[in-house]
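Visitor: Please take these sequences and the hints and turn them into a complete structure.
In this text, residue positions in the sequence shown follow my numbering: the first is 1, and each later residue adds one.
Any given hint could be a false lead.
In silico lysine-lysine, DSBU-like type, Cα no more than 35 Å apart, as pairs [claimed, not checked]:
1) K39 - K76
2) K131 - K39
3) K39 - K118
4) K64 - K47
5) K76 - K131
6) K76 - K47
Distance ranges between label pairs, derived from CB positions [said to hold, decoys possible]:
7) A70 - K39: 33 to 43 Å
8) D134 - P48: 17 to 27 Å
9) N72 - Y99: 39 to 49 Å
10) K39 - S68: 31 to 41 Å
Everything labelled a hint here was simulated from the structure, so no lab data went into it. These figures come from a predicted structure and were not determined experimentally. C-beta: ideal position from N, C-alpha, C; glycine also.
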Amino acid sequence: MRAIGLITLVLVASGYSACVLRAAEAAKAAVPTAADVEKAMQGQYEKPGSATSQKVTVEIHSIKIGSSAATNEQDKIDGIPPAATVTAALIDYTQRTFYNDATLANRRTIVAKVFIDKFGEWCVMTDAVRKSEDVREAPKK
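Guide: Structural data, given as structure tokens:
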């Protein structure tokens with residue numbers, strides 16, 4: 001116990017505690033807001049229509065931000081950067097795909113992992129689908 005106290009004293013005297021505090025502040029800053037999650041969802045899921053693909057839009061109904069944790073081994077395997085802070089989010093949204101004859105609306109409630117990727121942007125990775133419901137809508141005339 002005395003050796004741990006001595007090591008702590010040496011680390012604090014050498015400025016290590018300032019690094020730990022800065023890391024803790026960075027971890028606090030790495031918690032996404034609902035607006036960050038919505039922007040990431042729209043950036044990842046929305047697509048403009050083209051000659052070869054349908055237009056896709058996303059409508060967010062609710063976002064509940066959960067707890068945050070450091071990246072674990074499974075997260076690293078899934079492609080999340082090792083130094084990232086992973087935050088759980090419960091997201092209720094509708095994804096609409098527009099076809100010539102109809103619109104397919106898929107309402108989903110997902111549990112997602114939200115983190116900052118290697119490019120410094122928020123990323124949403126689906127962890128589990130809680131509820132999914134498909135509805136085919138007639139086109140608006």
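Visitor: Hint numbers the structure violates, sorted upward?
Guide: As far as the earlier hints go, 7, 10 are violated by this structure, in ascending order.
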